[in-house]
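Quick note, the sequences are listed as chains A and B, same order. So for the first sequence, the working numbering puts the first residue at 50; every next one is plus one. So for the second sequence, the working numbering puts the first residue at 29; every next one is plus one.
It is worth saying that the hints were derived from the structure and are not from the lab. Remember, it's a predicted structure, so these values are computed and weren't measured experimentally. One or more of the hints may lead you astray.
What the hints assert, rightly or not - Below 30 Å or equal to it, Euclidean Cα-Cα: the simulated DSSO-like pairs (lysine-lysine) are:
| id | chain 1 | residue 1 | chain 2 | residue 2 |
| --- | --- | --- | --- | --- |
| 1 | B | K354 | A | K87 |
| 2 | A | K87 | B | K113 |
| 3 | B | K276 | B | K354 |
| 4 | B | K358 | B | K116 |
| 5 | A | K87 | B | K116 |
| 6 | A | K87 | B | K358 |
| 7 | B | K111 | B | K203 |
To be verified - Every beta carbon over 10 Å from chain B, so not counted as near; a handful from chain A, in silico:
| id | residue |
| --- | --- |
| 8 | L74 |
| 9 | K87 |
| 10 | R101 |
| 11 | G132 |
| 12 | C138 |
| 13 | D191 |
| 14 | G225 |
| 15 | A235 |
| 16 | G242 |
| 17 | W248 |
| 18 | G318 |
As the list claims (entries may be wrong) - Here are some chain A residues pointing at chain B (derived, C-beta under 10 Å):
| id | residue |
| --- | --- |
| 19 | F66 |
| 20 | F70 |
| 21 | I77 |
| 22 | F80 |
| 23 | A85 |
| 24 | R90 |
| 25 | F92 |
| 26 | L149 |
| 27 | A226 |
| 28 | Y249 |
| 29 | E255 |
| 30 | S256 |
| 31 | A258 |
| 32 | V284 |
| 33 | D312 |
| 34 | E323 |
Quick reminder that beta carbons are idealized off the backbone N, C-alpha and C, glycines included.
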Amino acid sequence: MFPGIYEFHWDLGHILFLGAFFTALTVIGTFMLLGALKTWRDFRGRRVEAIRWQGEFHDLPASRRRCRHDVSGRVEQRSCPNGFDCRVCAENERLASRPLPGGDNAAGTIGGFAIHEDCLYHRGHTWVRPEEDGTLTVGLDDFGARLIGRPDGVELPETGTALELNQAAWRMSRAGATVRVLSPVAGTVIETGGPTVGWYLKVRPESAAPNLRHLLRGSEVRCWLLGEIERLEQVLSPGSLGASLADGGQPVKDLPREAPGADWDAVWGEMFLEN
Amino acid sequence: MDRGILVRGADRAPLSRFGLWLLPWIALLAFGIYGAYACFAYGLNQTNMDNRFAFGLWIFLDLTVIALGAGAFFTGFLLYILKRKELKDVINSAVVLGFICYSGAVAVLVVDVGQPIRAWFTFWHPNVHSMLTEVTFCITCYLIVLLIEYIPIVLKNRRLRQIPAFLVFEFELHKLMIVFAALGTFLSFFHQGSLGGLYGVLHGRPFAYREGFAIWPSTFFLFILSAIAAGPSFLILITRLVSRITGKRLVGAGVYDLLARISGWLLAVYIFLKSLDTLIWLNRTAPAVGFLGYDFYTQPSFGTWILFAEIIIFGLLPAFILTNAKRRRKPAWLVTGALLTCLGIAVNRYVMTIQTLALPTLSFDPFLQYSPSWQEIAAFLLVVAYGVILFSFSYRYLPLYPREKELGALKAPSP
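Next up, chain A with everything else stripped away, as it sits in the complex:
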């Protein structure tokens, strides 16, 4: 190109001016190529689902990214930097050793929503029950089940599917809206349960002693669920003061049926951490 440029001379001014322009173009081209290469590498490394969650977690407002120890009262105002994966958190061990303000009782009901002592809970509204045979049973918690009510369709993974923590475990749809449910554990699906026995997955974890530190337990569940109930009330009635759920009564089994006018697609997105 240089010889064709009008009045071009090999002097500092020309070289600097045109050099800056071509450097800018080179930077643009190089970094776009880098982006494309990294995309290709992510595909090869099967990182799509991990990236999906990373992106969704990044886009969550700060109020929804609160650390479990902030939620349970062990620490004040701490955001989770690890996508709710306490297994990789350097602070978790230290913070978990602090006593819980409300003691360590968990079982019973909170605002009418059942919690079970033998289950661990994930913040995407699933429970995990370690079985004696070393497998893990995974299901939708009572809060999540009532939020969805009776789904029109459920897409469960096929047996043999490898699940990663926080990837889509299964999808549920109702009235044209679909929500994905995050997998609370990593492992291989070995059994699924249909509508007659309750929607569940049986998962064989990657190791005989799976690391389940990221799951909520004890009175952490109580604190978290209280926060979720409050958040649901805000989502269902933004800007108003009135609580619309379980204010002294039992929450209904099928919330969408009782409040058909609500934007349930938005509510599910909010409560199941999906943008």
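Fit chain B to the supplied structure of chain A, relying on the hints for placement.
Here is chain B on its own, set in the frame of chain A:
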């Protein structure tokens, strides 16, 4: 009907109402396209410009929207380089506004050059002594950068995110944004400056000619400063306008305050330097070539009132409003300050473009009169309509304001 591609949980008007909103803008766009077609089909004789008055409404529009679009690079610079995290609330809308401003300016330039099929000449045979060449190169590069910055926002659309390739590409591109923000800042500094330098080097136009530093006249620096002062104000105005139209809080209150503070102080510095520059020009630069300062203000259309308006009403006054914390926290003052700042930049670009060309430079030169033809106005309106339509689509289908839902915009259920 388009529910599946709307931003999840963000309340949007029904498609029919959205269509009605678009209708007048589409009509305006069609009118603009017809005006542009007339210029392409019959030539630039469709305009009221000629060889003496070669810059008109279109160049005024270009300079103004490019200055107002500076909010994109400046917000990116503040967020990615200076780490002002609170600006995450507006970065997406700033990028879209910047893209609209720059692509609109380029669209009008395509009409303005008369023979767009020869536009490649400027790249293949550039005159490296010309400020316009620098502007052309930088704007071309920066428009590409803006397009790259726009892509991740588009790929955040709910439906597009379901496509794994788009999801991953958006994720990887987002991680590279700091590079593009830095590059955008570099390019913007140069082309904003060169647009001012373009006038400052006009030896034959004593009204515009300025002394300066090294090869750059003072207008080079004043244009940069005025653009980065106006960019945040334009962002405030548009955000407030969208907020008003939709009836929603879109960003945190601290964001308006930060943008207003930045805009106000930069404007104050700009006005101080602009006043200093004007005094030097009136007392030294113009007299050196045989003009008294007052000579430039004897025509009725361009009296001293225009200088007064530019510096006092559209300069000092908004700077006074926006630099005061109490005042800028009141919505009416905030909008007034931001509006005056944007108008001030438009007045400055109008003066530099139109007044410069209208004033006689030789004793036998007449005072030139110019008013745009309907084709010029049509092409101007084309850009306005294009901007409104693209922004409306972006707002409807893309997460332009990431905190919109969090700030209470989630749709309330029917009782």
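Going through the hints against the structure:
1. K354(B) - K87(A): 48 Å, violated
2. K87(A) - K113(B): Since the Cα atoms of K87(A) and K113(B) sit roughly 26 Å apart, the hinted pair holds (cutoff 30 Å).
3. K276(B) - K354(B): 23 Å, holds
4. K358(B) - K116(B): Judged against 30 Å, a Cα distance of about 22 Å means the pair holds.
5. K87(A) - K116(B): Roughly 24 Å between the alpha carbons, so the hint for K87(A) and K116(B) holds.
6. K87(A) - K358(B): 47 Å, violated
7. K111(B) - K203(B): 14 Å, holds
8. L74: 6 Å, violated
9. K87: Non-interface label on K87(A) violated, nearest chain B Cβ at 4 Å vs cutoff 10 Å.
10. R101: R101(A) not clear of chain B: closest Cβ-Cβ about 6 Å, inside 10 Å.
11. G132: 13 Å, holds
12. C138: Its Cβ never comes within 10 Å of chain B, the nearest being 22 Å, so this holds.
13. D191: 22 Å, holds
14. G225: 8 Å, violated
15. A235: Given a closest Cβ separation of 20 Å, the condition holds.
16. G242: G242(A) clear of chain B: closest Cβ-Cβ about 27 Å, beyond 10 Å.
17. W248: Fine: 22 Å to the nearest Cβ keeps W248(A) off the interface.
18. G318: Contrary to the label, G318(A) does not stay out of reach of chain B, its closest Cβ about 4 Å off (not over 10 Å).
19. F66: F66(A) check passes; min Cβ-Cβ to chain B is 5 Å, inside 10 Å.
20. F70: 5 Å, holds
21. I77: 6 Å, holds
22. F80: 5 Å, holds
23. A85: OK, holds: A85(A) within 10 Å of chain B, min 7 Å.
24. R90: With a minimum Cβ separation of about 9 Å from chain B (threshold 10 Å), the hint on R90(A) holds.
25. F92: Holds - the Cβ of F92(A) comes within 10 Å of chain B, reaching about 7 Å at its closest.
26. L149: With a closest approach of 28 Å, the L149(A) hint is violated.
27. A226: Result: holds, 8 Å to nearest chain B Cβ.
28. Y249: 26 Å, violated
29. E255: At 23 Å from the nearest chain B Cβ, E255(A) fails the 10 Å test, so the hint is violated.
30. S256: 28 Å, violated
31. A258: 33 Å, violated
32. V284: Since the shortest Cβ distance to chain B is 6 Å, the answer is holds.
33. D312: Holds, because the Cβ-Cβ distance from D312(A) to chain B comes to roughly 4 Å (cut-off 10 Å).
34. E323: Because about 8 Å separates E323(A) from the closest Cβ in chain B, which is inside the 10 Å limit, the hint holds.
In the structure shown, a violation is registered for the earlier hints numbered 1, 6, 8, 9, 10, 14, 18, 26, 28, 29, 30 and 31, in ascending order.
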